[in-house]
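Chains as they are written, first to last, in this note's numbering: chain A, 1 to 197; chain B, 1 to 274.
Hints may contain errors.
Covered stretches of chain B (chain A as the covering partner; in silico rule of three or more C-beta atoms under 8 Å from a C-beta of chain A) [stated by the list, open to error]: (1) 17-30; (2) 62-75; (3) 151-165; (4) 206-220; (5) 249-257.
Hints were generated in silico from the structure; no laboratory data involved.
These figures come from a predicted structure and were not determined experimentally.
For each residue, glycine too, the CB sits at the ideal point set by N, CA and C.
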Amino acid sequence: MNKYNLSNKYKAVVIGGSAGSFQGVAKILSQLPNGFPIPIIMCLHRLKHVRNGFVEALSIKSVRDVIEPYDKQHIKKEYVYLAPANYHMSIELGHHFSLSTEEMINNSRPAIDITLGSTGYVFKDKTIGILLSGANKDGALGMKQIHDKGGLTIVQDPKECMIDTMPSAALAVTEIDYVLKIEEIVSFLNELNSHYK
Amino acid sequence: MKDIEIADIKKIAEVVKVTYDYDFTNYAMSSFKRRIQRIMDMHKFASVDLLVKRIREDKEFFEEFIVEITVNVTEMFRDPSFWRVLRDDVIPAIMLNHDKIRIWHAGCSSGEEVFSMAIMLKEMGLLQNASIIATDLDKEILKKAKTGKYTLKNMELNEKNYIRFQGKTTLKDYYTEQGNHAVLDPNLVMNVSFREHDLVRGQVFNKFDLVLCRNVMIYFNQTLQNEVLKKFHESLFKYGYLIIGSKESLIWCDIANKFIVVNNEEKVYKKFKD
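Extracted from the complex, chain A is given alone in its bound form (with noise of 0.2 Å):
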């Protein structure tokens, strides 16, 4: 089953997704392989204000507990990571987060270029990078930032997407290295998964 040309080099995948995105991220987190290798990040943008509910509501689908991680916070393997309402989360090079309350960007806080373009930073070319549905072009620039610490890039394709803008934006300005539909990201994710054992 080796479609994907992997390696056990990955440290980390981040995963940012707007409009249309929450019944990808389900999937692909109830299909995660048992005892997947790597944290898994994500930003995905969210209400500003309702604090509680939407981590739970991904909880029920996930296979691995999902956090909002508290600054500071280190970075485990065990767990899906998600960006808390209200706050940019970025990864410092010693392998924790950081929040933040910095102006918006693209009109979002969480930010996805933030969180994808310092775990990218980061973890270079060990990085997944992975941009789902969405309505703004949020998360273009930080594909384009992975892709250039020589990570990999992987887009939903925007034939699937509920709205493609966000996925598009990122093909328009960098290299993709996958288009692929949510179910072939859980065989992508499930491969990765394999070069571990």
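Put chain B on the given structure of chain A with help from the hints.
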């Protein structure tokens, strides 16, 4: 676009420290780097070295630099559920044993939290009993905080927060409109002392029943968070309250064992050991 390197960040922190005695060495790298990038973009600096040179040679520019390097994005009644806990639990608990309540807003930025506090206390009939000190390292932002002048666009969000807080009336009762701005009633902060104070270099200067420092320490690394928390501990009376941002935590801090958690969801802590 070339990445700003860690060496660049260190160069900038160094020149600021040597020339102006502000210490950004232990700021969290990711956000500090973004702030530097923002300044480079705004002023179209071609290289970090040019920025360093300008900081060293131009004091006026440095003042601007301070304004931009610090993050001043905030809201009135940010996290309304927190403000309800403050009104319904924390303040009544303090007033049980006190006639007066001494409050410190550490890192008050443009003052939204200070005005929120004043409005809440007024609605509780306690504004006269409060002595409030609001500090920030940024002189310019303190001027703004004192005037309580916010864009009407921001007031929409503030009003929404206030409604969720379940205040007694409407925010409109507390401000007048001037063009595109809302100007909050200056009487609200008549007894608030706004002062310049840097959490990094500043000494402990008073004792308080309640210290609020929400979403300020997220811009510090852990070393600096530890140092600042020691100062907060020292600045609190025994059984005084410390409140931090909803996604901040004392768990990893040296001083955590001297506080108990009063409300974990809203990050309310109480000092119970000297």
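Consistency of the hints with the structure:
1. Counting residues of the stretch 17-30 of chain B whose C-beta lies closer than 8 Å to any C-beta of chain A gives 3; at least three are required, and the coverage claim holds.
2. Counting residues of the stretch 62-75 of chain B whose CB lies closer than 8 Å to any CB of chain A gives 3, which reaches the minimum of 3, so the coverage claim holds.
3. Beta-carbon proximity to chain A at under 8 Å applies to 3 residues in the stretch 151-165 of chain B; the threshold of 3 is reached and the given coverage holds.
4. With a cut-off of 8 Å between beta carbons, the stretch 206-220 of chain B has 4 residues touching chain A; three or more are needed, and the interface restraint holds.
5. Counting residues of the stretch 249-257 of chain B whose beta carbon lies closer than 8 Å to any beta carbon of chain A gives 3, which reaches the threshold of three, so the coverage claim holds.
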